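Novice: Here is what each chain is made of, one letter per residue.
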Amino acid sequence: MKELVELLAKALVDHPEMVTVDLIEKEKSCVIELRVAPDDMGKVIGKQGRIAKAIRTVVKAAATKERKKVTVEII
Amino acid sequence: MKCVEKSAKTVDEAVEIALRELNLNKDQVEIEILEEPTKGLFGLLGGKPAKVKVIKKENPSLRAKELLENIMRAMNLKVEINAEENDEKIKFNINGPDLGILIGRRGETLDALQYLVNLSANKNFEKRKRILLDIENYRKRREETLRKLAYRLADKAKQRGRNVVLEPMNSMERRIIHTALQDRADIYTFSEGDEPYRKIIISPKK
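So the sequence lines, in the order shown, correspond to chains A and B. Under this note's numbering, the residues of the first sequence are numbered 1 to 75, in order. Under this note's numbering, the residues of the second sequence are numbered 1001 to 1206, in order.
Bound conformation, chain B alone (with noise of 0.2 Å):
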């Protein structure tokens, strides 16, 4: 963990010697006042000045969030980060000019990239937090065109009277198509094959 310990005139005055030390800001630490400061007599003699100790604040939100950083500082990209947070995971929307690259064909580094900061940022913590990104809204876009691409081949199922198989894709996109199709009385769908080729079938009920 990474803390220092400053003194100066007032705790003020020291907390931020220490921010500065430490290139954070107050939102990123946790201050502990180890010693108040005392005026001495006729503010000269025994005075003691304050004593303060500065914490960095370390969680997985904070962690995700200064790794992503880092990693869009490493690649060159200018971008905007925003997060929503609640008790159980924490969304960064990342917006900016050129980002197709990071998603890559069908979000495969967007996926790369989110599983690597989940790993990253939930190391060495007990309490975990699922951390989901998304680019330029790339996933409610890509969830849009699955729910189409699942009814289409719902229809097409059911006309030929045949299994209609989908191409791989990991469980969340599987979920969408799952749950786009469960409320049809005409098919039904399953999945078969071993992750990562894991596949969606649909099937009409006879």
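Excised from the complex, chain A in its bound form (with noise of 0.2 Å):
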């Protein structure tokens, strides 16, 4: 599930080489944090949150197949 969040943060992003992504496994949950440089910002986020949304919803339904729970947290 990283790979995926690093994929697709690295092909929305202008600076690819500057996505980082930090898993944090919890008992039944886990959280993996995204950073992208500042000025990628909007473009991993969006307008009103729509691409943030998009890339919850794909990635929930990947933790979906492997039964967990997952939050994507973009710092």
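These are calculated hints, taken from the structure and not from any lab test. Owing to the predicted nature of the structure, the values given are computational and were not obtained by experimental measurement. The beta-carbon is built from N, C-alpha and C at its ideal position, and this holds for glycine as well. Certain hints may be false.
Computed Cβ-Cβ distance ranges for the label pairs, DEER-style [as the list claims (entries may be wrong)]:
| hint | chain 1 | residue 1 | chain 2 | residue 2 | range |
| --- | --- | --- | --- | --- | --- |
| 1 | A | ASP14 | B | LYS1206 | 52 to 62 Å |
| 2 | A | LYS28 | B | ASN1124 | 39 to 49 Å |
| 3 | A | ASP14 | B | ASN1076 | 26 to 36 Å |
| 4 | A | THR20 | B | ASN1124 | 20 to 30 Å |
| 5 | B | ASN1023 | A | GLU66 | 23 to 33 Å |
| 6 | B | LEU1062 | A | LEU23 | 22 to 32 Å |
| 7 | A | THR20 | B | GLU1058 | 17 to 27 Å |
| 8 | A | PRO38 | B | LYS1123 | 15 to 25 Å |
Straight-line C-alpha distance at most 30 Å; calculated DSSO-like pairs for lysine-lysine [stated by the list, open to error]:
| hint | chain 1 | residue 1 | chain 2 | residue 2 |
| --- | --- | --- | --- | --- |
| 9 | A | LYS69 | B | LYS1065 |
| 10 | A | LYS10 | B | LYS1123 |
| 11 | B | LYS1158 | B | LYS1148 |
| 12 | A | LYS43 | A | LYS26 |
| 13 | B | LYS1089 | A | LYS60 |
| 14 | B | LYS1056 | B | LYS1002 |
| 15 | A | LYS43 | A | LYS68 |
| 16 | B | LYS1009 | B | LYS1048 |
| 17 | B | LYS1002 | B | LYS1091 |
| 18 | B | LYS1078 | A | LYS65 |
| 19 | B | LYS1057 | A | LYS10 |
| 20 | A | LYS47 | B | LYS1123 |
| 21 | B | LYS1129 | B | LYS1140 |
| 22 | A | LYS60 | B | LYS1129 |
| 23 | A | LYS53 | A | LYS28 |
| 24 | B | LYS1127 | B | LYS1065 |
| 25 | B | LYS1123 | B | LYS1026 |
| 26 | A | LYS28 | B | LYS1078 |
| 27 | B | LYS1158 | B | LYS1205 |
| 28 | A | LYS60 | B | LYS1078 |
| 29 | B | LYS1089 | A | LYS10 |
| 30 | B | LYS1065 | A | LYS60 |
| 31 | A | LYS43 | B | LYS1002 |
| 32 | B | LYS1123 | B | LYS1056 |
| 33 | A | LYS53 | B | LYS1129 |
| 34 | A | LYS28 | A | LYS2 |
| 35 | B | LYS1026 | B | LYS1065 |
| 36 | B | LYS1127 | A | LYS53 |
| 37 | B | LYS1065 | A | LYS10 |
| 38 | A | LYS10 | B | LYS1026 |
| 39 | A | LYS10 | B | LYS1002 |
| 40 | B | LYS1057 | A | LYS2 |
Join the two chains into one complex using the hints; note that each chain is given alone, in its own frame.
Specialist: If you want it as structure tokens, here you go:
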């Protein structure tokens, strides 16, 4: 799932080399933290958070397959 | 842009070496011949190798396909992707087992994926291409369902003489319903509310 977030983020931003993704696992859930270059923030959030929402939707689908709860946070 | 320059005894050989290094096949690249090989005297002296420049082709369609394949790999899904392309749009049909999760509730995941692939593939290109995704013919089946729903609710609106409000839908789905009912003389349709909660109202004509 981490790879998926990284793949999606890198496909959207102007500075893919600045994309970092961290996976924090907890008992039943995990948090994926996505960091991008400051001027790429808009590219992963979008108007009214539309892009962020789409990323979360796709990641959630991937997580269902692995029976896990995942939250994606953009930091 | 990704490109490499390679030399070898023949042009074909040089191209092959370059393709192997880029991990691409011949359809995905443009080939520029920098130097034709020349045979030296007696095939030995002063022979010059062929030199080629192999450039990775970039356009929205190729990018979309590559991204889709990578996403499927990252999600561990075994799928077959077929593309139909014309000037303004490209449609990818994705088929395989267990793709329900990729469609999501009311096609939510499929729409999200389509949105992201559109953004990424058209990034930095002046000429945009609309990218449509479909999984196991979901869109077609959904269109059929929506049309039936439209007819049923139109009858209901007429019978009761009252407005029927549908649940929120995206613009593509609303379009299907408006189109399905545009020829009916006894009712009319319009949309109300703001995206993403915009919904159709079917109203009886007096």
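Novice: It remains to establish, for every hint, whether it holds in the given structure.
Specialist: Cross-check of the supplied hints:
1. A:ASP14 x B:LYS1206: 52 to 62 Å: Check passed, 56 Å falls within 52 to 62 Å.
2. A:LYS28 x B:ASN1124: 39 to 49 Å: Hint holds: Cβ distance 40 Å, inside 39 to 49 Å.
3. A:ASP14 x B:ASN1076: 26 to 36 Å: 29 Å, holds
4. A:THR20 x B:ASN1124: 20 to 30 Å: 22 Å, holds
5. B:ASN1023 x A:GLU66: 23 to 33 Å: For GLU66 of chain A against ASN1023 of chain B, whose Cβ atoms are near 28 Å apart, the range 23 to 33 Å holds.
6. B:LEU1062 x A:LEU23: 22 to 32 Å: 30 Å, holds
7. A:THR20 x B:GLU1058: 17 to 27 Å: 26 Å, holds
8. A:PRO38 x B:LYS1123: 15 to 25 Å: 18 Å, holds
9. A:LYS69 x B:LYS1065: 29 Å, holds
10. A:LYS10 x B:LYS1123: Distance of about 12 Å is within 30 Å: holds.
11. B:LYS1158 x B:LYS1148: At roughly 16 Å apart (the allowed maximum being 30 Å), LYS1148 of chain B and LYS1158 of chain B satisfy the hint.
12. A:LYS43 x A:LYS26: 28 Å, holds
13. B:LYS1089 x A:LYS60: Roughly 28 Å between the alpha carbons, so the hint for LYS1089 of chain B and LYS60 of chain A holds.
14. B:LYS1056 x B:LYS1002: The hint holds at about 5 Å.
15. A:LYS43 x A:LYS68: With a Cα-Cα distance of about 27 Å, the restraint between LYS43 of chain A and LYS68 of chain A holds, given a limit of 30 Å.
16. B:LYS1009 x B:LYS1048: Distance ~8 Å between LYS1009 of chain B and LYS1048 of chain B Cα, so the pair holds.
17. B:LYS1002 x B:LYS1091: Roughly 26 Å separates the two Cα atoms, so the pair holds.
18. B:LYS1078 x A:LYS65: Holds, because 13 Å separates the two Cα atoms, which is no more than 30 Å.
19. B:LYS1057 x A:LYS10: 19 Å, holds
20. A:LYS47 x B:LYS1123: Distance ~16 Å between LYS47 of chain A and LYS1123 of chain B Cα, so the pair holds.
21. B:LYS1129 x B:LYS1140: 21 Å, holds
22. A:LYS60 x B:LYS1129: 27 Å, holds
23. A:LYS53 x A:LYS28: Holds, at roughly 22 Å.
24. B:LYS1127 x B:LYS1065: Roughly 17 Å separates the two Cα atoms, so the pair holds.
25. B:LYS1123 x B:LYS1026: At roughly 24 Å apart (the allowed maximum being 30 Å), LYS1026 of chain B and LYS1123 of chain B satisfy the hint.
26. A:LYS28 x B:LYS1078: At roughly 27 Å apart (the allowed maximum being 30 Å), LYS1078 of chain B and LYS28 of chain A satisfy the hint.
27. B:LYS1158 x B:LYS1205: Holds. LYS1158 of chain B to LYS1205 of chain B sits at ~8 Å (cutoff 30 Å).
28. A:LYS60 x B:LYS1078: 19 Å, holds
29. B:LYS1089 x A:LYS10: 24 Å, holds
30. B:LYS1065 x A:LYS60: Holds, at roughly 22 Å.
31. A:LYS43 x B:LYS1002: Satisfied, since the Cα-Cα distance of roughly 23 Å is no more than 30 Å.
32. B:LYS1123 x B:LYS1056: 17 Å, holds
33. A:LYS53 x B:LYS1129: 23 Å, holds
34. A:LYS28 x A:LYS2: 16 Å, holds
35. B:LYS1026 x B:LYS1065: Roughly 16 Å separates the two Cα atoms, so the pair holds.
36. B:LYS1127 x A:LYS53: Cα-Cα ~26 Å, so holds.
37. B:LYS1065 x A:LYS10: 15 Å, holds
38. A:LYS10 x B:LYS1026: 26 Å, holds
39. A:LYS10 x B:LYS1002: Roughly 16 Å separates the two Cα atoms, so the pair holds.
40. B:LYS1057 x A:LYS2: Judged against 30 Å, a Cα distance of about 28 Å means the pair holds.
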